[in-house]
Structure formats: structure tokens, C-alpha cells
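J.: So the protein sequences, as listed, match chains S and V. Residues 2 to 321 in the numbering used here are what the first sequence spells out, letter by letter. Residues 353 to 875 in the numbering used here are what the second sequence spells out, letter by letter.
Any given hint could be a false lead.
What the hints assert, rightly or not - Here are the computed distance ranges between Cβ atoms for each label pair:
#, chain 1, residue 1, chain 2, residue 2, range
1, V, Asp-608, S, Pro-60, 54 to 62 Å
2, S, Pro-143, V, Ala-707, 44 to 52 Å
3, V, Asp-447, S, Gly-75, 32 to 40 Å
4, V, Gln-599, S, Leu-135, 28 to 36 Å
5, V, Asn-790, S, Gln-172, 51 to 59 Å
6, V, Pro-751, S, Gly-56, 18 to 26 Å
7, V, Asp-465, S, Gly-56, 20 to 28 Å
8, S, Leu-70, V, Asn-875, 52 to 60 Å
9, V, Gln-631, S, Gly-75, 50 to 58 Å
As the list claims (entries may be wrong) - Sample of chain S residues facing chain V (criterion: CB under 8 Å; computed from the structure):
#, residue
10, Met-38
11, Gln-41
12, Gln-45
13, Gln-83
14, Gly-84
15, Arg-85
16, Leu-146
17, Ile-149
18, Asp-160
19, Pro-163
20, Thr-233
21, Val-268
22, Pro-272
23, Leu-277
Because the hints were derived from the structure by calculation, they are not lab data. Note that the structure is a prediction, hence the values are computed from the model and not measured. Using N, Cα and C, we set each Cβ at its ideal position, and we do this for glycine too.
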Amino acid sequence: MFSFVIRRILQALLVLLVVGLVAFAMFNFIGDPIDNMLGQERTQEDVDRLKERLGLDQPFVVQYAKFLLAAAQGNFGVSYEQGRPVADILAERAPATLELAAVSGVFALTLGIVLGVFTAIRRDGFWANVIMTLSLVGVSLPTFLIGILLIYLFSVELDWLPSFGRGDTVQIGGWSTGLLTTSGLTALILPSITLGLYQMTLIMRLVRSEMLEVMRQDYIRFARARGLSERTVTFRHALKNTMVPVITVTGLQLGSLIAFAIITESVFQWPGMGLLFINAIQFVDIPVMAAYLMMISVMFVAINLIVDILYVAVDPRLRT
Amino acid sequence: MLMFRYAAISALALACASAATAETIRWAGTTDPQTMDPHAVNSAPVLGFLNNVFEGLVRRGKDMSVEPALATSWEPIGDGEGWRFTLREGVKFHDGAEFTAEDVLFSYQRASDEASDTRSWFAPVSGVNVIDDFTVDIMTSAPNPIFPDSIANWMIMDSGWAETNSATLPDKENGNYATLNANGTGAFMVTDRQPGLSTTLTPFGGWWDEAEHNITEATFTPIDNPATAVAALLSGDVDMINPVPIQDAARVDQRDGTKVIRGIEARVIMLGFGHEADQLKYTAMAGEKNPFQDVRVREAVAKAINVDAIRQTIMRGSAEEASQLVSPAMRGYSDANAARTAYDPEGAKALLAEAGYADGFSFGLKCPNNRYLNDEAVCQAVTGMLAQVGISAELDAMPVQNYWPELRADNFDMYLLGWSPGTFDHEHPVRFLVTTPNAEKKLGSWNFGGFSNARVDELLPMVQSEIDDTKRQAMIDETVAIYQSEHAYVPLYVQPLVWGVRDNVELTQRPDNFFILRWVTMN
Numbered sequence: 002m003f004s005f006v007i008r009r010i011l012q013a014l015l016v017l018l019v020v021g022l023v024a025f026a027m028f029n030f031i032g033d034p035i036d037n038m039l040g041q042e043r044t045q046e047d048v049d050r051l052k053e054r055l056g057l058d059q060p061f062v063v064q065y066a067k068f069l070l071a072a073a074q075g076n077f078g079v080s081y082e083q084g085r086p087v088a089d090i091l092a093e094r095a096p097a098t099l100e101l102a103a104v105s106g107v108f109a110l111t112l113g114i115v116l117g118v119f120t121a122i123r124r125d126g127f128w129a130n131v132i133m134t135l136s137l138v139g140v141s142l143p144t145f146l147i148g149i150l151l152i153y154l155f156s157v158e159l160d161w162l163p164s165f166g167r168g169d170t171v172q173i174g175g176w177s178t179g180l181l182t183t184s185g186l187t188a189l190i191l192p193s194i195t196l197g198l199y200q201m202t203l204i205m206r207l208v209r210s211e212m213l214e215v216m217r218q219d220y221i222r223f224a225r226a227r228g229l230s231e232r233t234v235t236f237r238h239a240l241k242n243t244m245v246p247v248i249t250v251t252g253l254q255l256g257s258l259i260a261f262a263i264i265t266e267s268v269f270q271w272p273g274m275g276l277l278f279i280n281a282i283q284f285v286d287i288p289v290m291a292a293y294l295m296m297i298s299v300m301f302v303a304i305n306l307i308v309d310i311l312y313v314a315v316d317p318r319l320r321t
Numbered sequence: 353m354l355m356f357r358y359a360a361i362s363a364l365a366l367a368c369a370s371a372a373t374a375e376t377i378r379w380a381g382t383t384d385p386q387t388m389d390p391h392a393v394n395s396a397p398v399l400g401f402l403n404n405v406f407e408g409l410v411r412r413g414k415d416m417s418v419e420p421a422l423a424t425s426w427e428p429i430g431d432g433e434g435w436r437f438t439l440r441e442g443v444k445f446h447d448g449a450e451f452t453a454e455d456v457l458f459s460y461q462r463a464s465d466e467a468s469d470t471r472s473w474f475a476p477v478s479g480v481n482v483i484d485d486f487t488v489d490i491m492t493s494a495p496n497p498i499f500p501d502s503i504a505n506w507m508i509m510d511s512g513w514a515e516t517n518s519a520t521l522p523d524k525e526n527g528n529y530a531t532l533n534a535n536g537t538g539a540f541m542v543t544d545r546q547p548g549l550s551t552t553l554t555p556f557g558g559w560w561d562e563a564e565h566n567i568t569e570a571t572f573t574p575i576d577n578p579a580t581a582v583a584a585l586l587s588g589d590v591d592m593i594n595p596v597p598i599q600d601a602a603r604v605d606q607r608d609g610t611k612v613i614r615g616i617e618a619r620v621i622m623l624g625f626g627h628e629a630d631q632l633k634y635t636a637m638a639g640e641k642n643p644f645q646d647v648r649v650r651e652a653v654a655k656a657i658n659v660d661a662i663r664q665t666i667m668r669g670s671a672e673e674a675s676q677l678v679s680p681a682m683r684g685y686s687d688a689n690a691a692r693t694a695y696d697p698e699g700a701k702a703l704l705a706e707a708g709y710a711d712g713f714s715f716g717l718k719c720p721n722n723r724y725l726n727d728e729a730v731c732q733a734v735t736g737m738l739a740q741v742g743i744s745a746e747l748d749a750m751p752v753q754n755y756w757p758e759l760r761a762d763n764f765d766m767y768l769l770g771w772s773p774g775t776f777d778h779e780h781p782v783r784f785l786v787t788t789p790n791a792e793k794k795l796g797s798w799n800f801g802g803f804s805n806a807r808v809d810e811l812l813p814m815v816q817s818e819i820d821d822t823k824r825q826a827m828i829d830e831t832v833a834i835y836q837s838e839h840a841y842v843p844l845y846v847q848p849l850v851w852g853v854r855d856n857v858e859l860t861q862r863p864d865n866f867f868i869l870r871w872v873t874m875n
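Next up, chain V with everything else stripped away, as it sits in the complex:
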């Protein structure tokens, strides 16, 4: 009692309104962008944050469509030997240097270097030729229709600035000038950077585009405890948080002064199988054949899972059912295969009986517990639903730091995975998750279960180089039909986006979960 009074009195004595001006936005997210170097790390927190500071040749609009940024136009060269980009004139970097074709060439060399995480984006590129100060040809080894779409996060850095500050290559392990400082052409400049604590941005006066926002200062604070983040939003200490824990969303909505903005992320959550393993790893019936090699068993799993129930209860209505490895908002979504395997526990039992597992079997389900929204709860629900058709999953949930090494070591019979296509194209998950793993060609690097289908492997390079949209879509449709009928994965749902804001903030929520400051207005 005394203590409460003590606190109250001190609070009154010290209370001082540190009210921020209306145009300052303070926002919080779980993860601090670990570097200010746009080529060092290929992760959503870094790329999302730096999209406010740097720009690429193209950028994505509010609806994710690709629009001109540092390039004003682009066209294919010849029969698909590459793409010619016409650059915007009169663009300045934050330090005043002028943007030219040299910077594009430099940024290509920097971002495609072995030291850069963004290297894989340039796998199709065979060379970059500077034609004149404002024309650049990017040559590809095969026709590449989606190349301009795939480089929206390739950010252009000033060559002179990088050389002056000896940051011509990213250095992730020891850090360099570009780890803590940024010099882009974007709408905002980094004016204060305290790694792990806070980062302050201010608008760039010399930005080439018309400013839509009315922000004078923006401060980002990483808050990793979700309860603290919600409290900070409710008490007005921050103006925007991402994410709001699903279970707190209703409370944020009900309170005066704050609201929740919901949307659908680009990330599809799915179940994967150990296709390659001849035997189950975690089972009571050791030594017998791996049941998941039988397509009927995989189909039975798909039929046994009531995605709608997961969506309603665990996701509190905010997710969307998924039929494919991408959400309908992505390029190349197959409308022809939009139907999800229906929930049918009786059908699942029949299939299991047909496959010779009428008495069921037991196996191990691996699951992360801090990677996706309510991931462990989803796995528990899956375990329960599978038990109803007679197969018993032994759930092993663990933090993501332990999870990826387990998957890499093939320690699973079934696992949970979320996938967000970096290029916003259906080709991306097919390349990483469905094609036969091949380290040399850098294919199937996340296909942990080792699913393999010769026709899919054959279709992928065709999809990658087909210029004609209709033909390309037909090939994708065929690929989807194969992985659906083979039940290579069991797509569950598209993960929701749940942001919390104060009522006076107007913003645009994009499916890539990037918070773009140039669309924010404060009233």
C-alpha cells in the first residue's frame, strides 16, 4: 500500500508532459533491423526498414504492383537477352551526390558479391552494361520475364559514398561504416542510429518524388515483449506497433484512441512431410516403411485437418484458408486450382484403411514455437485432428533457433513451415520448396523432406524463362496441379497481419509486412 502511494506521489511530482508534436511518429516492432546496409542481410526487418531510406530501380505500390522508382521505364532487350532500364534524372542521394548509372553498376557488384546475402537475386544475371549516364542494360543468361519484379528490394547505394567510407562491400561479421550509416535516395534519412535501442528518421528535403506523408520525424524502437508493446500503444507512448498479439487485438480495438488494422500477409503456413526417408524417425513401429511415402496417407492428412476451425479459434477469424503455396494476391496464383482439399475425416479414415493403416501409426511432428503467429497452438490442433482419424503425432515444439538445425538434419517425420515469396511470384516457392534439392543449381534449398517430381523439375526452368504470360500461367497451373495431387505439402492458411495504431495515424498495410513511412499521415 505504502509503495503504491510512494509511486503515485513521485509520479505526480515528476509528471511532465513530454507530448510529442503531432507529426512525430514513434513505432515499435519485435525485431531491430540488425544493419543499415541494404545488401548485407536479406531479412524482412532489414529490408522493410531500409525501404524507407533506400530505393531500387523499381518499387512496389500500395497494392504490391511494381512501379517506376529510380528507373522511369524498362523494356526487354531483343529476344529476352536482358532488360534495358532508363534511369530517372535529377535524383540526389541524402549527402547530395547525384544518382547515375555508375551507382547502379556499383550496387549490382556490391549486392551480388559473395559477401552479400542478396546475392541469390542476381543468379539469373550475366552482366550489367552502362550505356550512358542514364541507361543501363542488365543482361540475363536466359529470358527472364519477372526480373523487374524480383528486384524491388535491390537498393541502390552511392558508389562515391561507399568508396569514401571504405564500405564497398558489406561486412556482416565485423561491421563497417555502412552497418551504422545509410545514404540512400529514399524519402527518409537516418539521423540517429543506436543499434538495438532506437533509430530516428527524418524526411529528406531533396527527394525526387512528391511527399504524401506529413511526418517530420519518425522513431523506431524494438520492443520484443509483446505485452510491453501493447501497453506502450495503449498508454500512448508509441503510435504504431507490429504485430499485436492476436489474443490482445480485441482489447486494442475496444479501447478509445487505438485500433487494429488487419490484413493478410504473403506468408502461407503449411505442413511438410519426410518424403525421402524410408522409415519414420519417431515411431513405435520401428523398421517399417515410411507411410508418408504413400500419397493416400498424405491425402488423408490433408482431409483430416479442419483449417476453418484453426482459423476461427486459434487465429480468431483473421487468417485465410490456403489451397496453394502462395496467397491469391501473388503473381502466378493458380485460379484453376483454387479449391482446397475439403475437410473430410471419414474420407481420411477410408484412405488410411486403403493404404493399410486402418489401425493408424505414430510419428513425430516438429514445430517451432516462436516463429509464426501461434505456431505451437496450431501444431497442437493439428495433432488433435490427426488423432481423430487414428494417426498419432508426437509433437515436439522448440524455439526457431533450434528448429532450423533440426530440419536441416532431417530430424522430422512431419513439420510446420511458413513461406513468404520474396519475389511475390509463384515461381519462388516452387524453386525453394518443390523442386528436387540440388545444391549446385541452388534449387530446393528449403525442400527439407526431399519431395521430387521429374515434371516439376522440368517445368521450373520453362516457367522462369517464359515471356508470354498466358503460357507461363499454364505451366504454373500444371505445376500446382502436380504438387496438389501429390500432396507434396498440406497448405493450411495465409497468416494474418495484425497492426495496432493510434486513431490519429493513417497508414497503408502491405502484404509484405513492410511499414512504409511515406504513406503515413498523422492527424
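Bound-form chain S, shown alone:
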């Protein structure tokens, strides 16, 4: 077990280094931050001077090495756009993204499992078919389109929910939370649905197919024969055995919830890290992009690692 964890951690570090290298190689193609930083009346001399000062005249490998060296000391540089330390900006934006991801994760998981079980038990029922058909829509519509549709329906036409932003937030220590105010909670509804919809349908379909599989097994038949109530059979015996793949998918999807919040955040002008990243791309704010990408890859790698370890913990057969 121990050597397994060590091996996986070493692999993870290698993955991180490669991701960073690829990211830095690509920054050259995103464009040039210089014109955003200097005004219309800049001269070529100003351009060259600033380039040199920022180290942009050096090959990307050198830039990457410098970034790694500073990052190892906990210094992620200063944003070109805002002129503030990147670490401060990320810390400021993280609560918004994490709260959004958590709420939509809970939404996706709860509704996904409930609907999955429901559609599996009533597999030929009318409502189960309706839900299955609608879930196809959820899987196939792109996130930004769902977001825009929800905004137009609930904000513009019905005027029930705010169209953008986070509402009022309360500052607790270094954490700004929108979970304690009504306007903060209302502001969470549309973005969490938008962000969680795909995950919800995914989990629902997964739970459904696993349930159908499990329900055919002998032990379920025996459980019924023992006279156990239908509820006990479904939730204690059947559902529990569908959980291994669900845990994997949920774990991996938690990462995507945070990473793909970019689109949802941009549609709802949600002040999180994804929006920060989008703005950073437009401005070619290399320190922000680099720090964000590294953070996301650390997160993905960590989640994968945890899922792998959980696997072993949940399924005794994997312990060799």
C-alpha cells in the first residue's frame, strides 16, 4: 500500500512538470501582453524595455524554470493586469469557485442518485422515460447555452433570479461566503444548475445502468425471498453495490466542476477563478494563467490519487 502511494505520488509530480512545460510552450501562441500593458502612444523602445524587464524575451523553457523556482518558494509572481500578487488574487477568488462547485456537486450527486434509482426501478414507467429523454438534452446541450437559456427564462422573462454575480457576501476570516445571505443563495441557483446539469445526468445514467445490472443478480433475488422490504433491498443491498463506479466518476467530476466552472463563471459573471482565468487569457496575463493552470493540474492529480486510494479501500479485491 505504502509503496503504491509513493509510486503514484512520483508519477503525479512528473505529470505536473509536463503540464507546466506544455502550458508555458503555449503561452507564446496566446499573444503578447505588452500592447495591453502599454498605451496607444507607446514606442518600440518602450515595448523592448518592458519585454526585457518581464523576461519575455527569453525562451519559454527559461521562463518556465524561473516560474518553477519562484513557485517552489511560494511566490507566484505579480499579475500583469492588476499589479498585485497572483497568490492574493487567487485566494480572493477561490471561495466563489469552491462554493459554486460544492453546491452544484451536491445538487448533481443527490438528484443524480435519486433519479438514477427511480428510473432503474420504474424502468418502463412514463416518468422514467420522460426523465431519460430529458437527460439526453442535459448531456448534449453545451453549458453556455443552458446558462443563457436559464438566464433568459428566470432573470429576463420571469425576473425571479439575478442574472449575474454572486449577490451579497459575508466575510468570514479570509473566506467570502454567499451561503449566509438570501441574495447570495438566490445568486447560486442558476449557476449551480448550469454547472451541475451535465454531471447530474451523467451520475443518473451511471446509477441507473449499474442498478439494472445489480438488480438482476442472485443475491437481490435471495434478499427479496428473505422477505426484506423493497426499500431495504433497493437502498441497502443494491445501491451500495453500485457505488464503486459512482465514487470514481464523482471524484473525477469534482475536478471538472472546478475546472470547467470557467464557462459557467463567464456566462454568469461569477467572480471566481475561472472568470479570472478567462480575463487573464484576454489580457495575456501570464503569471495568473500559469498559477491557475498549475493549481488545476495539482488538483486533478490529487483527486486521481485519492480516488485510486479510495478504490483500494472500498474494494478489497484490489488489495493484492
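Fit chain V to the supplied structure of chain S, relying on the hints for placement.
T.: Chain V in isolation, oriented as in the chain S frame:
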């Protein structure tokens, strides 16, 4: 279905009217002002926003004319050795400090420092002399008739405040106190600043001028997704957005409670040529001479483009045709040269045949796709129109972050450019776009194609130092006649301004695209 119901129920349960009071204005734009330091960055989002907070010696009125602000009057010294400004007495900064000539001197030193983007504004200045507490002489190395016009965005900062907070120079790379805080003399104070998220302004009680507005609080939120901004306006979450995407303008207009305010911006959109390059860079006929060096070919391009069609279809009627590099609202617009080369595809073909290109040629057209309104669509239209006269453009559209480096590296045969003169004077585009590039004299720094005309180079310093308006205009007219007949650029149209507001907001839209809060009333 279930989800929709879920959302609806939660919405009802949580719905709470967070209706803002009538005098709070919430507005949204695409770009957050990246700093609160008025000398650090010379960009429209920063200067436009800070015009509400800081003031200069002069300011621009609703019609863009220059009017007294922190200076009550100004007059030339001697034969044009400089300008004497008489300062307004009794003006206070937001922190209560008094405004004096010291602050003007300090702001000159700060804004003209190498660390400041605004440095180029002071290229003509040789020195600033404080005569007494309320008189300042700004000396220029040559007579400079438009100097007072050119400093409307030069904002005065309190010297004591800057020293106390160690912000005597702007610091763009690491930021300092002035990056996040502001202390001006303007009608509004910055009371809350969250970079990239929102900025709140409140009226300054000690402002020297009579307030025309009735705002008690103003909040700016950057919303970069245009569809979200339109939704926010339609749903009443914001009171004003800039810009409204042209394709959404009709919808905003039709809806109850919102309307569109249209105008003409100071920005002229034009096509530029690679004049200097001996060969085309993107062509099937490699090795041959660059056809755009022939003025007949450039004229043919001008004749081939149907600007009216672009205006009607892509701009949905909201732009204005341009004949020169400035719009008619700018100082120095040449009435003598107001006629644009007419659309004449047959004439264009004839010219091409005469120049020896009867069978046409192919070349590369570079274009940004997120810089100007519908820029890529305009380039596609241009490509189509040029194809009709037999020359085939290979369009390469890219985000602006990649576009400027491409232009700087001369990777184009023809390109699209928009220019908004910072000084609102015709001299500005001539200096940046038409004179021969000269890094030392800081001339022609945006003349990517390298157009060069000895007479224009000769005329520019004369224009810059001519005090007499009629003589000056005659020189500008001559310059315009040259760049028009040489077809140095093909001016297309003046870009429209399209703002969306709620019906209860009354505001003034200025051609510089600045949203000036002191002219806003909420009913």
C-alpha cells in the same frame, strides 16, 4: 422538468426584493479599469473611469469642447514659449487637502516620468514653473497651439497624499497604494475597489462645481460576456451597459423599460497597406513586386469597397462613412477634403488593368477578431468586395493579443486598423500613422506599413507649432490632400457607439466613449 420546478420553487422561496434606491446607478462595461492610478496606464477604460474621480487643469464638455476645470483661464506666454494657467482657488482633494500649484508641478513630474504611460503627452513640454500658489507656467520647446486641448486627461494628484502613501511614481508591475486607492478633486470618490469585480463611487461633498447629477452611489461591474451584459440590463440588474452588441440593439430598444443610445465614436476604421515591403508576403505569385506600391492599385482598393453596404448590413445603419483619418467632430477635420473615394468597381478594374494586374493577384489580409465592433465580419465583406474586382485576399483573423505582434513583425500585405485620436485633433493620426516611422523622434509609431511622404514629414512640425488657426488648417488640408491622393490608407467608417440604458436614466454620450457620471440623472 423536475429541475425547472425545483429552481422555480427555490426562487419563490428565496425571492427577495433587493431593489436599489432610485439614485443608485449600477453600470457595466467590458473592461475593468486595471488601475486607479491616472498616470500609470494610458487606456480608454482607465482614463474614462478616472475622469469621474480626478480632474485636469481643463476638461471636456458635453460637446467635447475644452472648458476650465482646475484652471480658470490660460493664455499663451510671449510668442508661444508656453502657456500660463491660472488655477482655481478653494478646490479640495477628497481627503480634504487643498489644491495648489505644487500639486500641478508634482503631477507633471509624476505623469511625465519614464514609469508613466502618459509620458508622451508631455513630449512638447520643456519645463513647468510655479509662479505663485495659483499660477503655473508650462513651457514648451516650440509654440504649441493645441497644448491645452491635449491635456484634458492629464489628471492632478495631491502631492502630499502621494508622498504619505509612497506613491510618488506609478508602479505598474508591482502596484502601490495608488493602484487601489484614489484621491482626486473630481465629483466622485472611490469608496470600494475590488479589482476585476466591482468598484463603487460616491459623490464628493466638497466638490468645487455645482452638481448636475442626482446620484448617491454608483457601482461599476465589468461583465465581459456581451450576452450576460444584455441580460443584466433587460432584467434590471444593471442600469446601463456599454456596449450593446449591434445585433442585440433592436431587442433592447423594443423592450419596455430599456432603450439604446446611439452615437458616433471618435474612432475611424481603415485599411492599411504594406507600402515598404518590396514583395507580397502571402501570395501565390512569389517573388514579384508588391502591387500595393503602385498608387493605382491602392486607389482601386478604395474604389472596390462599398462602405455603404458595410454600414447598412454589418453595422445595421449605425456607422458613418469616413473620408479621412478623423471624424468630422474632431479639431482639424478637413472640410476641403470631405469627399470619400466613390464606390466604383468598374473603375477599380480599369485601374488594376492599367497597373498591369488585369488578371488580379492574391495577397494576405490581417484582421483582429475581438478589437473593433464586428471587425472580422467587416474583413470578410472587404475580402468579398475585393474578389469582385479580381484581387483575392486571403483573410487571417485573430485575437488582438496576437494581432499587434503580427503587425509589429510586418506580417501582412494589408491590414485593418482603428484609430481614435487621444487629443481629438487631426495632428494625432498624422503623427502616429502617416509620418515616416522614426523611433528617435517618436513619429509614425503605428505606421506599420511604412508609408512615407517627404512633404507630410515637413508639414507635421509646422502644424504642431502654428498658432494661427486658419494657417494651421491650410497645412492640415494639404496633408490630407496628400494622404488621400496617395491612398496611404483607405478610411472606411467611423465606429458607432451603442449604449443600453434603462428608461429612467438620463445621460450624455460623448464621442470619446467616456461615461461621465456627473451628467447622469435618475428619474
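J.: Hint by hint, note whether the structure agrees.
T.: Evaluation of the provided hints:
no.	hint	in the structure
1	Asp-608(V) x Pro-60(S): 54 to 62 Å	holds, 58 Å
2	Pro-143(S) x Ala-707(V): 44 to 52 Å	holds, 49 Å
3	Asp-447(V) x Gly-75(S): 32 to 40 Å	holds, 36 Å
4	Gln-599(V) x Leu-135(S): 28 to 36 Å	holds, 30 Å
5	Asn-790(V) x Gln-172(S): 51 to 59 Å	holds, 54 Å
6	Pro-751(V) x Gly-56(S): 18 to 26 Å	holds, 23 Å
7	Asp-465(V) x Gly-56(S): 20 to 28 Å	holds, 23 Å
8	Leu-70(S) x Asn-875(V): 52 to 60 Å	holds, 59 Å
9	Gln-631(V) x Gly-75(S): 50 to 58 Å	holds, 52 Å
10	Met-38	holds, 7 Å
11	Gln-41	holds, 7 Å
12	Gln-45	holds, 5 Å
13	Gln-83	holds, 5 Å
14	Gly-84	holds, 3 Å
15	Arg-85	holds, 5 Å
16	Leu-146	violated, 10 Å
17	Ile-149	holds, 6 Å
18	Asp-160	holds, 6 Å
19	Pro-163	holds, 6 Å
20	Thr-233	violated, 26 Å
21	Val-268	holds, 6 Å
22	Pro-272	holds, 5 Å
23	Leu-277	holds, 7 Å
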